[in-house]
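Novice: Sequence:
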Amino acid sequence: MQLFLLKNKNFLLNVFPILFFLLFSSVSNAQVGINTIAPNSTLEVNGSVSQKVTAITATTTLDATYNTIVCNNTSAITVNLPTVASSACDGRIYTIKKGMNSTNDITIDGNSSETIDGAITFVLSDVQGAITIASDGTEWKIIGNHLSPYPMGEVSYFSTAGTTVTISSQTTDGGLTNMVSCGPATAFSGMPMDFDNGGSNNGTLRYIGRTPRLCHIACTISVSPATANDEFIFGVAKNGSVYVSSKIIQRMGATTDAQSTAMHVVIPLNYGDYLNLYVGNMIAGRNVLVKSLNLFALGM
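To get this note's numbering, take the position in the sequence shown, counting from 1, and add 10.
Simulated from the structure, these hints should not be mistaken for laboratory data. In this text, all values refer to a predicted model and were calculated from it rather than measured experimentally. Note that beta-carbon positions come from the ideal geometry of N, C-alpha and C, so glycine has one too. Don't take every hint at face value.
Okay, the calculated beta carbon distance ranges per label pair [said to hold, decoys possible]:
#	residue 1	residue 2	range
1	SER251	PRO159	21 to 31 Å
2	ASP73	MET310	33 to 43 Å
3	THR84	SER179	45 to 55 Å
4	ALA40	ASP100	11 to 21 Å
Could you build all of it, start to finish, from the sequences and the hints given here?
Specialist: Given below as structure tokens:
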């Protein structure tokens, strides 16, 4: 019996330092592992992480119960942030996202005069856009900003008979004046939250995205002259003004010929800016017949 007790006593004496060492090591390192016994970071999760997602449709004030907010608003709303004063929410992170069908602005507003990266408010305009912010105890910092996928749209037209574009006056100054819009009955296709036809199917491609974009514009055409051997200037116009860098000169042959050409240009677009193909006759005030037109824009 004494031998048994002695052995148990020796066992405890040997084990206790080991347990103490392990406990001290765990406390001093302060590392937590979930689904792992050997965490290499302060917190290591060996598996998936679930965070709360809340959908809102109206103006909302955030608190500690929110994490990811999806805005499905049908009118403009405001997302009010809690105060960061007195370390009220140091390190707190919110992600605020515009829903698929949300076409109205979402204003993210700091408490009182508190700022978001130095600004009093931040506006989410693009459909599917998102922002992630974190509190540093002084203001909210933007740590992630997602714009919607590359916006694109086009208008197109094709007819073997063609559409006559009336040119009443000769352009004698390299296409600065007496340029007219080519307006056949075009069809629109693209991302309806970013582009449309400007209200009419007349060769217009309008940008309606809320975020300014630098856009690659491509335009292809097939045309025939109303009078043989005429020489034309073609160019892409923004809001009625032809971009010089898009201009090309096309010398025509017989009226029965159809010639094709293409233009490429980079144009910055803001909300409401619209594009058209313009043409001018360098020989005289004579018409041109448009048989095909494709005007395409890709935002970057």
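Novice: Hints first: check each against the structure and report whether it holds.
Specialist: Now for the hints, and whether the structure bears them out:
| no. | hint | in the structure |
| --- | --- | --- |
| 1 | SER251 to PRO159: 21 to 31 Å | holds (29 Å) |
| 2 | ASP73 to MET310: 33 to 43 Å | holds (38 Å) |
| 3 | THR84 to SER179: 45 to 55 Å | holds (48 Å) |
| 4 | ALA40 to ASP100: 11 to 21 Å | holds (18 Å) |
In summary, the structure agrees with every hint in the numbered list given earlier.
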